[in-house]
Each structure stands twice: as structure tokens, then as C-alpha cells.
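**Student:** The chain contents come next:
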Amino acid sequence: MKRVYVNEKWCLACHLCEYNCAFANSGLSDMAKLRGVKISPRIRVEGDERISYAVSCRHCTDPQCVKSCITGALSVADGAVRIDRSRCVGCLTCVLACPYGCVAPGADGLATKCELCLNNSAGAPACVAGCPNGAIVYEERG
Amino acid sequence: MKSYVIIGGGIAGVSAVEGIRSVDGEAKITLVSSEKTCAYSRPLISYYLEGKAKLDTMGYRESDFFEKNGVTVLRGVSAERLEPESGSVVLSDGQKLSYDALCVAAGSSPFVPPFSGLDTVEKKFSFMTIDDALSLEKELGADKRVLIIGAGLIGLKCAEGIRDRVKSVTVADLAPHALSSILTPESAEIVERHLEKSGIELLLGDTADSFDGNSAYMRSGRTVEFDILVLAVGVRANTALVKAVGGEVNRGILINGKMETSIPGVFSAGDCAEFKSGVLAILPAAHIGGFTAGVNMAGGSECYADPVKMNSIGLFGLHIMTAGLYEGDALGDPDRRFFVKDGYLSGFILIGGVEKAGIYTSLMRDKTPLDTIDFDAVMRSPSLLPFGREYRKEKLGGAV
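Chains as they are written, first to last, in the numbering used here: chain U, 14 to 155; chain R, 3 to 402.
Treat each hint with caution, since some may be false.
[Claimed, not checked] Calculated Cβ distances over 12 Å to all of chain U for the following chain R residues:
#, residue
1, 225
2, 346
3, 372
[Said to hold, decoys possible] Output of the computed footprint for chain R on chain U, the stretches with three or more beta carbons under 8 Å from beta carbons of chain R:
#, region
4, 25–32
5, 43–51
6, 71–77
7, 109–119
8, 136–150
Rather than coming from a laboratory, the hints here were simulated on the basis of the structure.
In this text, all values refer to a predicted model and were calculated from it rather than measured experimentally.
Here a beta-carbon is modelled for each residue, glycine too, at the ideal position from N, C-alpha and C.
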């Protein structure tokens with residue numbers, strides 16, 4: 014299955030991936046409308062002044078978040094970890110379970126996570142498409 | 003064709019179905035549920051009263067789950083006794099089911115202490131099932147005063163669920179602090195202040211001695227007048243089925259890592275089961291334990307030996323996450339407490355700032371020696387940075 018992979022050597026910490034993610038999942042017509050809005054991106058840049066890299070859901074083969082979900086909102090479909098937010102109540106057990114810190118509450122308090130842009134208008138990871146340095150890629154690595 | 007029986011239609015029972023089906027698509031599966039409504043997410047009953055969950059979306063799995071998995075479900079029936087010699091179970095309606103393997107996922111029942119005068123209280127409820135929530139809901143109203151006995155997870159979630167639908171909510175507990183099963187006293191104080199700010203009256207270190215109609219006479223000498231009483235003192239694992247035939251039980255039904263009880267062919271999972279570390283009674287363990295039991299029932303091989311106890315609970319907008327045991331050195335602050343024993347993280351408490359908490363849980367799950375990472379940095383702010391480049395390369399650069 015294709016996943017998002019990170020090469021930290023090439024990350025510039027420009028945070029564009031965070032904006033492209035938030036925009037792709039916002040339903041807005043223009044990215045400029047995100048100006049001044051507190052975004053809840055599903056990919057986050059971490060690091061210090063020397064090292065930086067982006068982290069998003071690993072779509073684990075044995076996902077702790079799915080096994081821990083108390084409502085059944087999280088599930089695996091064709092290898093991707095998906096969330097049905099209409100069934101999420103914001104208990105955040107998934108946040109307590111994810112070893113990579115890749116599930117987070119959105120602005121509405123319910124859990125959000127990367128779904129590889131498979132269910133928004135981008136259709137493929139917007140973070141990857143917008144990365145100026147090829148530090149994030151979307152490919153098959155077994 | 004093999005025949006499997008599951009006692010209980012909660013999370014562990016449903017997950018046992020998934021476990022069996024992951025190995026055997028053909029076997030006959032019969033699930034016995036004493037509740038008419040089954041396969042719903044039990045913790046959602048407080049969210050239902052709060053208006054955050056709807057009856058038709060409370061299913062733990064899709065509504066056609068049993069049909070799709072070829073499961074015969076017997077609702078409103080309970081298991082009366084096991085006959086392990088012949089591999090059968092007798093149900094309350096008299097029918098007898100034979101099994102190749104059986105899973106007892108019978109859950110727990112509310113424990114009600116013998117309060118004197120409890121029979122004089124007209125409106126009293128437990129808070130364990132959807133039926134409990136629906137009966138309680140019928141009594142709610144803007145003029146109603148509610149007394150909840152028990153400031154644990156169940157009592158406080160109930161308080162949150164009904165606060166805006168009643169006149170007042172008072173929660174009493176004999177323990178000197180709220181959530182005493184998951185918080186240390188100093189951490190509990192933060193939560194108590196928040197509860198009081200949210201309009202909940204707390205009577206801690208106090209409980210009812212006796213009742214007379216709408217009055218509770220408290221141990222402290224105080225009298226609490228109420229219209230509705232909710233009893234959330236605690237729960238007891240339903241062990242009777244296994245105990246009656248000589249199976250090993252303690253507080254729960256004793257199981258090994260394969261979820262086998264001491265009786266051959268009989269497995270157990272969920273809130274009635276007792277791991278080496280005790281009865282966990284948490285939903286993730288019910289799911290993983292039920293699935294593990296199912297796989298092993300059907301002849302597969304799965305192990306769930308050493309689960310991490312963890313809880314994530316939100317109360318009036320404040321999130322509380324806890325995991326493990328509070329043993330060893332206590333580091334950090336009351337709202338961000340870490341317990342380190344023999345060089346390993348043994349437990350933690352986070353109140354409010356819960357972002358990326360799973361990074362801490364993973365240190366416990368993976369038994370990571372803390373001297374192999376920059377733990378001071380992780381404690382301050384959880385991220386993958388202190389784990390080093392090699393770890394990140396493996397986790398972020400490959401399939402995990």
C-alpha cells in the first residue's frame with residue numbers, strides 16, 4: 014500500500030505541508046481564506062533548530078488507535094486507517110494509544126488524523142504534492 | 003463444522019466474533035446476550051444523555067455486523083450453567099448449546115452496598131447499560147435534584163451527561179478524592195476544582211449511611227435531599243458461571259495470555275476477566291482480549307499477555323489521561339506526572355495537556371529503557387525528536 018514517507022534530510026521546516034493539509038481538508042475554495050485561522054493539520058512538523066521532519070499517520074498494519082477506539086469510529090479500509098467522525102465523541106483514547114502522536118483533537122474536539130486525502134477533493138496527499146523539497150513522498154515501500 | 007458459543011454481547015463478545023472469523027469463515031457462532039440491545043459502545047450512554055451520541059449511531063460495529071459474520075444472536079437470554087464435561091451451556095430459556103470452544107464475555111454488574119432504607123427510595127438507578135440510561139432519562143427534569151453515590155469514572159461521566167438536564171447534581175464518595183482508582187490525591191484535586199467550577203457539588207470522604215424516601219443521611223451527619231439517586235459505587239466481575247464449575251476465579255475469571263480459563267475449551271475476555279495484573283475493565287483490553295480469545299478458540303495462535311492499563315476521560319471539557327501504575331519516583335507536576343521505576347516508565351497522569359500522550363504509552367508498551375532516549379525532553383514535550391534519527395528513519399521511512 015502507498016503511504017506517506019519522510020526524509021528528514023530534506024525538510025526545511027517551512028510548514029507548507031501543514032497548510033496544504035489544512036486547506037485540503039477545509040472545503041474552502043481559496044487557501045488565502047486560512048489566513049488568521051487556527052489550523053488543525055493532520056501532519057505536523059517537529060524538531061529543533063538543527064533537525065526537522067514532518068509526522069503524519071503511519072497507517073500501521075496493527076493500529077493501536079483502531080484497537081482502542083471506544084465507539085468503532087476508527088477502522089481500517091484497504092490498509093488505510095480511516096475515521097468516521099460522525100461516530101467520534103472526542104474521548105481521545107486514540108490520542109492516548111497512538112505511538113507517534115498522530116491523532117489529535119480538531120477544532121471541534123473530535124479526533125482528526127491523516128486519511129491520505131482519499132476522501133477530500135485533493136484525492137492524494139496534499140502535503141506531498143506541495144512539499145517544495147521532496148522531503149515527503151507518497152509511495153509503496155512494503 | 004466447528005461450533006462456538008460466546009456469552010455476552012458487549013465489546014469483548016463482538017471482538018471474539020471478529021477473532022473467530024479471522025481464522026474460520028465457516029464455523030457456527032452463537033452469541034448469547036442478556037441485554038436486548040447488544041453490540042453497542044457502553045461508554046456512550048453518558049454521551050447519549052448529554053446529546054452527543056444518538057441511539058442509532060451507538061453501535062460498536064455496523065448494524066449488519068452479526069448478519070455479515072453469520073452469527074446467531076440470542077437476545078434477552080442468559081447462560082445459566084456450564085457443563086464442561088459434555089462441552090455445553092444451558093440457557094435461561096432451557097435450551098442447551100454445545101460448543102467446541104466457549105468464550106465467557108459476561109462483563110460486570112453494579113455493586114450495590116446494603117444501604118439501610120434503600121428500598122424506600124423510589125427513583126434509583128445504576129449506570130451501566132443503555133436501559134439504565136433510558137430509564138434515568140425518563141426521570142430527568144429542570145426541577146430534579148440528583149444524588150450520585152460514587153465519584154469514579156461511571157459516577158462522574160453520569161454527572162457530566164445529566165448536569166444540563168437537571169436542577170442540581172451532588173456526587174458523594176467515601177474516598178477522600180475523586181477518581182481515586184486512576185488519580186493520585188494531588189492530581190485529583192485539580193479535577194475536583196474543575197468539577198466544582200462546572201457546577202457539580204462534591205461530598206468527598208462521605209457517603210450515605212441510610213436512606214429514607216428522598217433523604218440521604220450521610221456518614222458526616224449531613225442530610226442530602228434528592229429526587230433521583232444514582233448508585234455508582236463500583237462493579238463486580240460476573241464470575242459465577244465459571245466459578246460454579248470449579249474454574250479458577252479471584253476478583254475476575256483468571257486467564258492466561260491466550261485468554262484461556264482453567265477449564266479446557268473455555269475462554270474469557272472483557273470486564274469479567276482477570277489478567278496477571280488484575281481486572282482491567284477498560285474498553286481497549288476488552289476488544290483486544292476478545293479478539294485474542296476468538297482467534298485461539300478457532301485454533302489460531304494469538305497472545306495478549308501484558309496489557310497496559312490506560313484511561314482517557316473528558317469531564318466538562320477537561321481531558322484526563324492516565325496509564326500504568328504509580329510506582330517508583332514521581333517526576334513532573336500534579337497535572338503532568340510521570341512515574342519512573344528501575345529505569346522504565348511505570349505510569350503517568352496528564353491533566354489538560356494531553357497532546358501526543360500515546361508517545362508515553364508506547365514507552366510503557368515497548369518497555370523502552372529510559373536511558374536510551376532523552377527522557378527529560380520527552381517529558382517536557384512529547385515528540386519523536388528525542389528518540390533519535392535511527393528510530394525516526396525506521397518509523398517514518400518504512401511501513402510499521
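**Student:** All hints are to be evaluated individually against the structure, with a verdict given for each.
**Tutor:** Checked hints:
no. : hint    : result
1   : 225     : holds, 36 Å
2   : 346     : holds, 16 Å
3   : 372     : holds, 16 Å
4   : 25–32   : violated (count 0)
5   : 43–51   : violated (count 0)
6   : 71–77   : holds (count 4)
7   : 109–119 : holds (count 8)
8   : 136–150 : violated (count 0)
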